[in-house]
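Peer 1: Below are the chains, spelled out letter by letter.
10 protein chains.
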Amino acid sequence: MLKGIPQILSPELLKVLCEMGHSDRLVIADGNFPAESMGKDAIVIRMDGHGVPEILDAILKVFPLDTYVDHPVSLMEVMKGDTVETPIWDEYKEIVTKNDSRGDACIGNIERFKFYDESKTAYAIIATSEKALYANIMLQKGVVVE
Amino acid sequence: MLKGIPQILSPELLKVLCEMGHSDRLVIADGNFPAESMGKDAIVIRMDGHGVPEILDAILKVFPLDTYVDHPVSLMEVMKGDTVETPIWDEYKEIVTKNDSRGDACIGNIERFKFYDESKTAYAIIATSEKALYANIMLQKGVVVE
Amino acid sequence: MLKGIPQILSPELLKVLCEMGHSDRLVIADGNFPAESMGKDAIVIRMDGHGVPEILDAILKVFPLDTYVDHPVSLMEVMKGDTVETPIWDEYKEIVTKNDSRGDACIGNIERFKFYDESKTAYAIIATSEKALYANIMLQKGVVVE
Amino acid sequence: MLKGIPQILSPELLKVLCEMGHSDRLVIADGNFPAESMGKDAIVIRMDGHGVPEILDAILKVFPLDTYVDHPVSLMEVMKGDTVETPIWDEYKEIVTKNDSRGDACIGNIERFKFYDESKTAYAIIATSEKALYANIMLQKGVVVE
Amino acid sequence: MLKGIPQILSPELLKVLCEMGHSDRLVIADGNFPAESMGKDAIVIRMDGHGVPEILDAILKVFPLDTYVDHPVSLMEVMKGDTVETPIWDEYKEIVTKNDSRGDACIGNIERFKFYDESKTAYAIIATSEKALYANIMLQKGVVVE
Amino acid sequence: MLKGIPQILSPELLKVLCEMGHSDRLVIADGNFPAESMGKDAIVIRMDGHGVPEILDAILKVFPLDTYVDHPVSLMEVMKGDTVETPIWDEYKEIVTKNDSRGDACIGNIERFKFYDESKTAYAIIATSEKALYANIMLQKGVVVE
Amino acid sequence: MLKGIPQILSPELLKVLCEMGHSDRLVIADGNFPAESMGKDAIVIRMDGHGVPEILDAILKVFPLDTYVDHPVSLMEVMKGDTVETPIWDEYKEIVTKNDSRGDACIGNIERFKFYDESKTAYAIIATSEKALYANIMLQKGVVVE
Amino acid sequence: MLKGIPQILSPELLKVLCEMGHSDRLVIADGNFPAESMGKDAIVIRMDGHGVPEILDAILKVFPLDTYVDHPVSLMEVMKGDTVETPIWDEYKEIVTKNDSRGDACIGNIERFKFYDESKTAYAIIATSEKALYANIMLQKGVVVE
Amino acid sequence: MLKGIPQILSPELLKVLCEMGHSDRLVIADGNFPAESMGKDAIVIRMDGHGVPEILDAILKVFPLDTYVDHPVSLMEVMKGDTVETPIWDEYKEIVTKNDSRGDACIGNIERFKFYDESKTAYAIIATSEKALYANIMLQKGVVVE
Amino acid sequence: MLKGIPQILSPELLKVLCEMGHSDRLVIADGNFPAESMGKDAIVIRMDGHGVPEILDAILKVFPLDTYVDHPVSLMEVMKGDTVETPIWDEYKEIVTKNDSRGDACIGNIERFKFYDESKTAYAIIATSEKALYANIMLQKGVVVE
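Residue numbers (my numbering), protein chains in the order written: chain L, 1 to 146; chain B, 1001 to 1146; chain G, 2001 to 2146; chain D, 3001 to 3146; chain H, 4001 to 4146; chain P, 5001 to 5146; chain C, 6001 to 6146; chain V, 7001 to 7146; chain E, 8001 to 8146; chain F, 9001 to 9146.
Careful: at least some of the hints might be erroneous.
What the hints assert, rightly or not - With a straight-line cut-off of 16 Å between C-alpha atoms, the simulated EDC-like cross-links for lysine to aspartate or glutamate are:
#: 1; chain 1: B; residue 1: K1003; chain 2: G; residue 2: E2118
#: 2; chain 1: L; residue 1: K93; chain 2: L; residue 2: E77
#: 3; chain 1: C; residue 1: K6040; chain 2: L; residue 2: E77
#: 4; chain 1: E; residue 1: K8003; chain 2: V; residue 2: D7066
What the hints assert, rightly or not - Between beta-carbon pairs, the in silico distance windows are:
#: 5; chain 1: G; residue 1: T2086; chain 2: H; residue 2: G4081; range: 43 to 53 Å
#: 6; chain 1: V; residue 1: T7083; chain 2: F; residue 2: G9004; range: 28 to 38 Å
#: 7; chain 1: B; residue 1: D1117; chain 2: E; residue 2: G8103; range: 36 to 46 Å
#: 8; chain 1: G; residue 1: E2094; chain 2: H; residue 2: E4077; range: 46 to 56 Å
#: 9; chain 1: V; residue 1: T7121; chain 2: G; residue 2: E2111; range: 34 to 44 Å
Read the hints as simulated data drawn from the structure, not as lab findings.
Since we're looking at a predicted model, the values are computed, not measured.
Each residue gets a CB set at the ideal place from its N, CA and C atoms; glycine is no exception.
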């Protein structure tokens, strides 16, 4: 634990977030996401027992979103014909808005299989125990300016 | 995640709990415990962002306490002259009682430096973000009978 | 060993089953299957001395089958012209039926060489000493819901 | 699998049995034995799901017992005052008799804590799921002569 | 060393032979074969100081040849125009005949560069000090039945 | 780089600072300190090209000093008879005062060889290029409270 | 630290510079460059807290620039339409001129995505905390003659 | 050091030369050759401080050149238009002649970029400090006959 | 294989013999010697299928015996009361005599348990399949002079 | 190779010299020194084919000798009764004098077995092919000042 840094960020996660650079991507995956097989070329960090929102909130306190692209935050698009509700997206919008001046305008959607493909080239994948549906989220790192 | 197994138990923690045998000891440590240096000869598992009670509760669902000793659960004794309250112990007692027929009678105290010494020979140490005082707890594994 | 978890599931196997996610595949292979060469990119777990049915039964107690596909369980199709009997399939059907509400309807067949190809991309392969013919079986993991 | 070699002997176990030399010791431990902590300096081989007798029988087919000592086979002595029965010992005697001309005369007892101490310096420890009481057994390798 | 197992089979070789499955291939190479470069994706086992026949004979005692193909044993074809004699083949035929009911009918030839290509995908390559010409031999593992 | 975290703290250093617990010690060593040999049991982090003060300042922004001991900050005592000046200590005092309410009262001295001995059991040693004399400094981590 | 060698060159960096040969390339990257993901096949050296100019200056004291190509030094071209100023390039020119007789004539530009592509095949990438814009620089090693 | 073996051959080099087989290639590279990047798939052996001739001479005492090809020794062709002298080639010819009955007839030339390509698939590359121009040399191993 | 070096010396053994220095000791052990457990701190080289004499003979061709001690060659003393014959010692004497001008005068005896103790600090142990009794032999390396 | 750095210093040796600190010791050993066994806790660097003087000379160009002790350079004392000449010491004196203002006054002697003991705790040992007698030399690193 360190002063002023959210305690949910483990030493290893802190290291990974810090060594990522401009345009590197991070996936915060729900509890059923095949994180180990998708992340064969990535760093996989396990955060069993946690939901996505508390992790997202902590990460955005230290991790800048990319301002060079329109949608540095990506959600997995609801599949055609699927009538599922995605209330967790509202939580995400609130958290993003709290941490980025563009608000939820910087959140985009990616079609499901494209989301998987991009996950395979992400820098890191965080495996949570999140149970909400369509809860996977991808963040693209921005530039740290002072 | 698996059916019927608490989701806070990560794949690695499940493996460690399963490979421990009769009389091996496990420490669930609070957020300021020097888990890495105490655990140089142990397996250290990080569970940043979690408190001790939720982990203890999940572990006792699959992990039998030793019935061959009087106190398979050990707390760190309050130091002489210290007037601190330890409300978290009541939570621990409730959790243990729920999972072991002996109830809180199987919980004992260990003097602080003895606790540290025993931690150094534990099989595994779980590093949490628990903030309560005197929250470290040590469990001795019992026999699985059917 | 842990309370309430089948003892045939080794610590390592438990870890692997737990870290698999939705749509990851697992092969339980017979005693002559070339598990090491097929599994160069997979995790290979040896369970010498065991047959497939007892392992299958234990795994399905904790491992949900995929409900998003019709046949989350795959057997290797009997080759054309081969008149061999496959009595072990009846055992498999009984075990699957005991553990999945769809019963044996969720069991499909895969042509032999396709089975090999899919094995090469499985998450894990369990090498048994099963002697029955056409005894290889592949499981696709489903979603854990509570 | 190989011709004429019991199939319960895994590739790794076969390698370990073969590389052991005269006077090296092997422990076949029951399901609650703390194999990993006792075996920190040994090779630990997991055989979850198996009992001790079937393993003992297979091992003695290829592994000679030491003829230079009186008791190359050691059981853990029943503790004073303990009235437990040890029917598994009869199975052990039968298996040993079948494989060594000295019969059960080559089986001795070791006091419990001495047994633990010797386990720590064994060459290898096999972790089984054996549930019988006092089922741990230690074998000392003899000389292969033709 | 183990009872009843040829002593020329090292612990590691025994492990490799045992973990091979149906259709995996093994090359026993002569002393000048580039075993390390051909075997970059294989397991290379050094048996310096030995000839091929004594190794072949020991291996076939425990290793079944594939009965699903006509020629589970392959020799490297004499190159066109090469008038060299290959007396070591007669030794091979005798050894194979002693260990497989099909006799030398199960021995085939592979053109030189095809032999090299197949070596690159073999499961293991044994590097010997054999000096005879055209002495490389490839074995395809069969099924162990009881 | 991360928002709000001093950029001189590398990903690895951040991880190490975060995983340290209450009472673990950290040495920031000058350019001639034998960091690798003193730190055989420690984590050694190289920060070539930097002086000690800028690192100390950055670390104290996130790293709490131990409040359970009088001198969580230790300097290496000037040897008897040595008339050297230690102007860098004034910089250290200013930096510590800026970051800890006890001010420079929490800085103590340790005799030179005792300093070396304690360095050998430190959790981590940072190797700098600091050229000032008597510039080694040791920090003992405190408790993070919120 | 060594006599006559700039102290900002860490032991590991010195080793890397020394083992590079004619035509190998080195990237000194700014603080937001995705050094770890670009450098998956390269050696990544962290120099957090440093700017590029002081590192460039130290490296050129021991590292010859390639004289067989026109532009052994490459900057990342300002993107079309971007009106940013690049004052740090003047510093680079001064440093290069001080160390190479060709002066700033040996500095060329590479289009941004081509720069990224070449970075992926560089021998090493140095990750700095440089904040200036368009500050990435690539060096191609020349021949050491005496 | 060993009796009768040139002392410039290090233990590791001796091992590498010995494990090479018929047709494997070895590059002895000059001091500016990018040995590490060319040799990513090869074994790189550093012999800093040595020139090529003394190494070539020692190697040829134990290493047979391939007699199945015309030019088992390859030099890097002088580039068109380059008027450089290559006096070191005379040394090479003398050394080869001393060790191979074919004399310098077994030395061929390879165009520069082809030389680089072949280096990438060599079994090993020796990095020297040789300063002569066009001093790289490649050897193809032959058959050891007695 | 290399020219002029006995082919029974594997690449790894050659490396080990070469890197040994004055006074380092090597054990050539018989087939029942517990080479792996005795050699926990040594390099263990397996030469299954070989007897000791052919290895001893090959080694002494390149390995000088220590001339600074009386008995650089040590045999394991026959135990008191043991009436066994040791004909293999005559072979050893002949081989040593052939390779060292002192003849068999440089061969001494070491009491059995002292031999074991010295084996534990040997530089390397060679595990053979030698079946003769009292066949273990220890060599102390001498100085290479030219 | 680097500009202005002796080419006999390999990348690895340069790294080791650079990471050594004040009072760390380095042994440059002759060709028969048991460098690997003496250096089990040290870094061993092989420089086969080189004598000690050329290495000593190159090292002292970058490596300061300790000025806090009288004899930062140590030779192995000639044993009592030994009448050997040590002409190589004169070379060492000349080299040291050339590089240190104290001249050969900073060279001391250490009794043979004490030399061995100190070697075991050295930071690094360089294994050369030096053939001169009593040629081992130990250097203690000093402070780099500018």
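Peer 1: Next step is simple, just say for each hint if it's right about the structure.
Peer 2: So, going through the hints one by one against the coordinates:
no.	hint	verdict
1	B:K1003 x G:E2118	violated, 25 Å
2	L:K93 x L:E77	holds, 15 Å
3	C:K6040 x L:E77	violated, 30 Å
4	E:K8003 x V:D7066	holds, 13 Å
5	G:T2086 x H:G4081: 43 to 53 Å	holds, 52 Å
6	V:T7083 x F:G9004: 28 to 38 Å	holds, 30 Å
7	B:D1117 x E:G8103: 36 to 46 Å	violated, 60 Å
8	G:E2094 x H:E4077: 46 to 56 Å	holds, 52 Å
9	V:T7121 x G:E2111: 34 to 44 Å	holds, 38 Å
Hint check: violations occur at hints 1, 3, 7; the rest are consistent with the structure.
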